[in-house]
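Trainee: Got chain A; can you put chains B and C on it based on the hints?
Chains as they are written, first to last, in the working numbering: chain A, 1 to 55; chain B, 56 to 145; chain C, 146 to 245.
Just so you know, these hints were derived from the structure itself, not from any lab. Treat the hints with care, as some may be off.
[What the hints assert, rightly or not] Straight-line Cα separation of at most 27 Å, DSSO-like style, residue types lysine-lysine; simulated pairs:
1) A/Lys2 - C/Lys171
2) B/Lys93 - B/Lys135
3) C/Lys189 - A/Lys8
4) B/Lys93 - B/Lys59
5) B/Lys59 - A/Lys2
6) B/Lys93 - A/Lys8
7) B/Lys58 - A/Lys8
8) B/Lys135 - B/Lys108
9) B/Lys119 - A/Lys24
10) A/Lys23 - A/Lys51
11) C/Lys171 - C/Lys211
[Stated by the list, open to error] A few chain A residues facing chain B, derived, Cβ under 10 Å:
12) Ile3
13) Glu13
14) Thr14
15) Leu15
16) Glu20
17) Asn26
18) Val30
19) Asp50
20) Lys51
21) Val52
22) Ile53
23) Pro54
Remember, predicted model here, so these are calculated numbers, not experimental data. Even glycine gets a Cβ: it sits at the ideal position worked out from N, Cα and C.
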Amino acid sequence: MKILYILKQDPDETLNKIMEEHKKSNEITVVDLRENKNYDHIVDLITSSDKVIPW
Amino acid sequence: MAKKIGVLVRDRQGEALRMAVGETLMDDIIDVYVLDRKVEETEDNTLNIETMKDMEMKVYTNYKENEGLEYLSTEEIALKLLEYDHILPY
Amino acid sequence: MKLGILVNTDKHLEEVTGLTKAALSKGHEVMLFAMDDGTRLLEKPSYIDLHNLQGVTMSFCDHSAKGLGVKTEGVPEEIVCGSQYNNAGMSHDADKMIIL
Numbered sequence: 001m002k003i004l005y006i007l008k009q010d011p012d013e014t015l016n017k018i019m020e021e022h023k024k025s026n027e028i029t030v031v032d033l034r035e036n037k038n039y040d041h042i043v044d045l046i047t048s049s050d051k052v053i054p055w
Numbered sequence: 056m057a058k059k060i061g062v063l064v065r066d067r068q069g070e071a072l073r074m075a076v077g078e079t080l081m082d083d084i085i086d087v088y089v090l091d092r093k094v095e096e097t098e099d100n101t102l103n104i105e106t107m108k109d110m111e112m113k114v115y116t117n118y119k120e121n122e123g124l125e126y127l128s129t130e131e132i133a134l135k136l137l138e139y140d141h142i143l144p145y
Numbered sequence: 146m147k148l149g150i151l152v153n154t155d156k157h158l159e160e161v162t163g164l165t166k167a168a169l170s171k172g173h174e175v176m177l178f179a180m181d182d183g184t185r186l187l188e189k190p191s192y193i194d195l196h197n198l199q200g201v202t203m204s205f206c207d208h209s210a211k212g213l214g215v216k217t218e219g220v221p222e223e224i225v226c227g228s229q230y231n232n233a234g235m236s237h238d239a240d241k242m243i244i245l
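Here chain A stands alone, though its shape is the one from the complex (with noise of 0.2 Å):
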């Protein structure tokens, strides 16, 4: 499974967690909104995963 997190802040431990978790199975691509701005890539990237959580 494709997983995206978007994030807007410094992830928290409870991030940390989840994400260590789904790395195990799953694909996981993060993009901090912080520091990119290509809004095209960000899109794609929405539409290509399974599932997004932003944070």
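Mentor: Chains B and C alone, transformed into the frame defined by chain A:
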């Protein structure tokens, strides 16, 4: 077809819980996860959680001091999140 | 794809507009619902202007806006002054959801 939605309640508990109750209005399946802290004992929070229980919504928490909510570890919650069409951390 | 954007802060206007326009340019539909601090963006012309774009539908939580004293008198009627019902509708209809 009903969507399955997971609402994650973080620091803005009042609005998150209000939204979670509202999300039921289209007859979708809404599960709620209270993360990392005790539910603040306000009139609105109490009412919203009572409403969720009346509607037989599932309300989980990774914070053991939240009495009356079903405890799951953060790792268990991570796995459950993959069941949802939408994951809404508030 | 129908993209739902729940706008619950007023901190990410650039990201809201950027992602909305990028999604539209790829032929997607975008639904925006503002609540909580997100309703403060109703006082920002660049947020309001999104309703003019083909493929965008917008609504907001009147309860939030009133509670925060947000000025909504000038908000175009195409931006629905609504409730959590509108948010539930967005979640129900959206293929993907993000929160900004």
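Trainee: Is the hinted pair C/Lys189 and A/Lys8 satisfied, with a Cα-Cα distance of at most 27 Å?
Mentor: Distance ~21 Å between C/Lys189 and A/Lys8 Cα, so the pair holds.
Trainee: Keeping to a limit of 27 Å between CA atoms, is the pair of A/Lys23 and A/Lys51 held or broken?
Mentor: holds (13 Å)
Trainee: Close enough to count: is the Cβ of A/Val52 nearer than 10 Å to one in chain B?
Mentor: holds (7 Å)
Trainee: Mind checking the CB of A/Ile3 against every CB in chain B and telling me if the closest is under 10 Å?
Mentor: With a minimum Cβ separation of about 8 Å from chain B (threshold 10 Å), the hint on A/Ile3 holds.
Trainee: Has the given pair, B/Lys59 with A/Lys2, been kept, meaning a C-alpha gap of at most 27 Å?
Mentor: holds (18 Å)
Trainee: Holds or violated: B/Lys119 with A/Lys24, Cα cutoff 27 Å?
Mentor: holds (26 Å)
Trainee: Tell me if the straight-line CA distance from B/Lys93 to A/Lys8 falls inside 27 Å.
Mentor: holds (24 Å)
Trainee: B/Lys58 and A/Lys8: Cα distance at most 27 Å?
Mentor: The hint holds at about 25 Å.
Trainee: Are the Cα atoms of B/Lys135 and B/Lys108 separated by 27 Å or less?
Mentor: holds (19 Å)
Trainee: Would you check the hint for A/Lys2 and C/Lys171, treating anything up to 27 Å between C-alpha atoms as holding?
Mentor: holds (21 Å)
Trainee: With chain B as the partner, please determine if A/Pro54 meets the hint condition of a C-beta pair closer than 10 Å.
Mentor: A/Pro54 check passes; min Cβ-Cβ to chain B is 6 Å, inside 10 Å.
Trainee: May I ask you to test the interface hint for A/Leu15 with respect to chain B, counting a Cβ-Cβ separation under 10 Å as satisfied?
Mentor: Holds, because the Cβ-Cβ distance from A/Leu15 to chain B comes to roughly 8 Å (cut-off 10 Å).
Hint compliance for this structure: hints 11, 18 are not met, and every other hint is.
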